[in-house]
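J.: Respectively, the protein sequence lines represent chains S and E. Residue numbering for the first sequence follows this note's numbering, starting at 1 and increasing by one per position. Residue numbering for the second sequence follows this note's numbering, starting at 1 and increasing by one per position.
Be careful, since some hints might not be right.
Residues of chain E clear of chain S, computed beta-carbon distances all greater than 12 Å [what the hints assert, rightly or not]:
id, residue
1, Leu46
2, Tyr130
3, Val151
From the structure, some residues in chain S lie toward chain E, with a derived Cβ separation under 10 Å [said to hold, decoys possible]:
id, residue
4, Phe15
5, Arg49
6, Leu54
7, His56
8, Ala57
9, Ala59
10, Leu77
11, His79
12, Thr80
13, Leu90
14, Arg136
15, Ala137
16, Leu146
17, Asn198
18, Ala199
19, Ala203
Think of the hints as simulated: they come from the structure by calculation, not from any bench. Yeah, the Cβ is synthetic: ideal placement off N, Cα and C, and Gly gets one too.
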Amino acid sequence: MSAPIALATGLRKRFGARLLLAIDRLEVEEGRTYILTGPNGSGKTTLLRILAGLEHADAGEVRLRGAAVYVHQQPYLFHTSLRHNLEYGLKCRRVPAGERARRVEDAIAWAGLRGQLGTPPAAFSGGEKQRAALARARALRPELMLLDEPTSNLDKEGRAQTLALLAQLRDERSTVIVACHDEELIALPGTTRLRLDNARISAEAS
Amino acid sequence: MNLLEPTRRAFALLAAGDPRLVEAIWLSFWTSLVAIAIIAPPAIALGFLLAKRRFPGQRAIVVLVQALLSFPTVVIGLVIYLLLSRRGPLGFMELLFTPTAIILGYTMIAFPILVVFTISAVQGADARIYETARCLGAGRVRASATTLREVRFGVLAAVVNGFGRVISEVGAAIMVGGNIEGLTRNIPTAIALETSKGDFAQGIALGLVLMTVALGVNIALALLQGRGGLR
Chain S
1 MSAPIALATG
11 LRKRFGARLL
21 LAIDRLEVEE
31 GRTYILTGPN
41 GSGKTTLLRI
51 LAGLEHADAG
61 EVRLRGAAVY
71 VHQQPYLFHT
81 SLRHNLEYGL
91 KCRRVPAGER
101 ARRVEDAIAW
111 AGLRGQLGTP
121 PAAFSGGEKQ
131 RAALARARAL
141 RPELMLLDEP
151 TSNLDKEGRA
161 QTLALLAQLR
171 DERSTVIVAC
181 HDEELIALPG
191 TTRLRLDNAR
201 ISAEAS
Chain E
1 MNLLEPTRRA
11 FALLAAGDPR
21 LVEAIWLSFW
31 TSLVAIAIIA
41 PPAIALGFLL
51 AKRRFPGQRA
61 IVVLVQALLS
71 FPTVVIGLVI
81 YLLLSRRGPL
91 GFMELLFTPT
101 AIILGYTMIA
111 FPILVVFTIS
121 AVQGADARIY
131 ETARCLGAGR
141 VRASATTLRE
151 VRFGVLAAVV
161 NGFGRVISEV
171 GAAIMVGGNI
181 EGLTRNIPTA
191 IALETSKGDF
201 AQGIALGLVL
211 MTVALGVNIA
221 LALLQGRGGL
231 R
């Protein structure tokens, strides 16, 4: 068995007097989609942010094999163009121009956003923004994608399109952790359910 | 006092391209633009740092810069005068009563405006901008530059306000420029001089130019911000 993509040990995170996270061990295996559930305020977002390196735990260690990309619940698209948004991370990671162009075209097609190339991202619908952000993250081919409630605040159509993309990520065997409350997403077959409750995490295959 | 006649003469002077007017207008423009071009990069960088980073003395620096906003420009002029005067520490450079001295004064006047407006723009920036950039692989400098680009209309407002402030500034310009015709006489110092001489037509003509500049710059900024809001 290969080494996990992410390994968190002894994680502790407090907010004031409240112990938000007390995770002794969390292994994220390559090629799996994890659905992270738990009550509101149970620390799902905080856990994803710690894994992404956006927040620090009070104690414990996170080891990542490769890069993790975190996508906000309401993703931010730069006020430039869709193409620039998709290219941004590729330029940061010095992906050569030819390969970059191929990945951008692939991302546009994958997210079904070819019709939106001339539209400023600020004018996108919630679903289009979410799909663009997922495509932007996927274009980087990160070792781990951390998605924070990607189907919340979306209308029926946007939600269905986002669910379809998440199913594709699962089929492509991307390593993904999705924090969510969405019943349909929780029931997505072929995923591993993680439950965060009272600061502890437990796993269960679905 | 009858204002109609001097106003009519003011328009006639403008229409005729009176050389004294043109000289003062040209000097005002180029010295203001050069001063803003020099001071904008460091002031914007400092504003960004003060808005985003926490370090010892940061609060004190912010308070100091805010205090500089209400500093009398004539005192800034006095400080530069003392520095540049023949017996001052920089007297050997012989810059007093030159456009360079005016530019120096303008940079000091614009600096706190640019810093404070940049702090305001960056503090108002969505925290997701920096986080998104970092997650996508940007280093700290690139993520900071991306944040500045996303709040570019706020930063542009800082630059426009700085420009508007210095092009209409009179205290420091008179003190360190000396109001020498053909060399350091700019729009506001010319207005002060012509008015004291009773030549209201010149004063009104230059005042019209200043007001047109202020209006034009702010309309341009509003249009840009409008475009930004739609994006």
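J.: Run every hint past the structure and note whether it holds.
T.: Status of each hint after checking the structure:
No beta-carbon of chain S is positioned within 12 Å of the beta-carbon of leucine 46 of chain E; the least distance is around 24 Å. For tyrosine 130 of chain E, the requirement that its beta carbon stay farther than 12 Å from each beta carbon of chain S is not met, with the minimum near 10 Å. Taking the minimum C-beta to C-beta distance to chain S, about 10 Å, the non-interface status of valine 151 of chain E is violated against the 12 Å cut. The beta carbon of phenylalanine 15 of chain S comes no nearer than 17 Å to any beta carbon in chain E, farther than 10 Å, and the hint placing it at the interface is violated.
For arginine 49 of chain S, the interface hint holds, the least distance from its beta-carbon to any beta-carbon of chain E being 9 Å, beneath 10 Å. Annotation: interface hint on leucine 54 of chain S holds; nearest CB of chain E at approximately 6 Å, less than 10 Å. Checking histidine 56 of chain S against chain E by beta carbon gives a least distance of about 14 Å; that is not within 10 Å, so the hint is violated. At its closest, the beta carbon of alanine 57 of chain S sits 17 Å from a beta carbon of chain E; the interface hint therefore is violated under the 10 Å criterion.
With a least beta-carbon distance of about 22 Å to chain E, the hint placing alanine 59 of chain S at the interface is violated under the 10 Å criterion. About 8 Å separates the beta-carbon of leucine 77 of chain S from the nearest beta-carbon of chain E, less than 10 Å, and the hint is met. Contact between histidine 79 of chain S and chain E, as hinted, is supported at the beta carbon level, the nearest pair being about 5 Å apart and thus within 10 Å. Contact between threonine 80 of chain S and chain E, as hinted, is supported at the beta carbon level, the nearest pair being about 8 Å apart and thus within 10 Å.
The interface hint given for leucine 90 of chain S holds, since its Cβ lies 8 Å from the closest Cβ of chain E, which is under the 10 Å cut-off. Against a cut-off of 10 Å between C-beta atoms, the interface hint on arginine 136 of chain S holds, since the closest Cβ of chain E lies about 7 Å away. Checking alanine 137 of chain S against chain E by beta carbon gives a least distance of about 8 Å; that is within 10 Å, so the hint holds. The closest approach between the C-beta of leucine 146 of chain S and any C-beta of chain E is roughly 9 Å, which is under the 10 Å cut-off, so the hint is satisfied.
A cut of 10 Å between beta carbons decides the hint on asparagine 198 of chain S: the least distance to chain E is about 28 Å, and the hint is violated. Interface restraint check: alanine 199 of chain S against chain E, minimum CB-CB distance 24 Å, threshold 10 Å, status violated. Proximity of alanine 203 of chain S to chain E is violated relative to the hint, the smallest CB-CB distance being about 25 Å (cut-off 10 Å).
Of the numbered hints listed earlier, those contradicted by the structure are 2, 3, 4, 7, 8, 9, 17, 18, 19.
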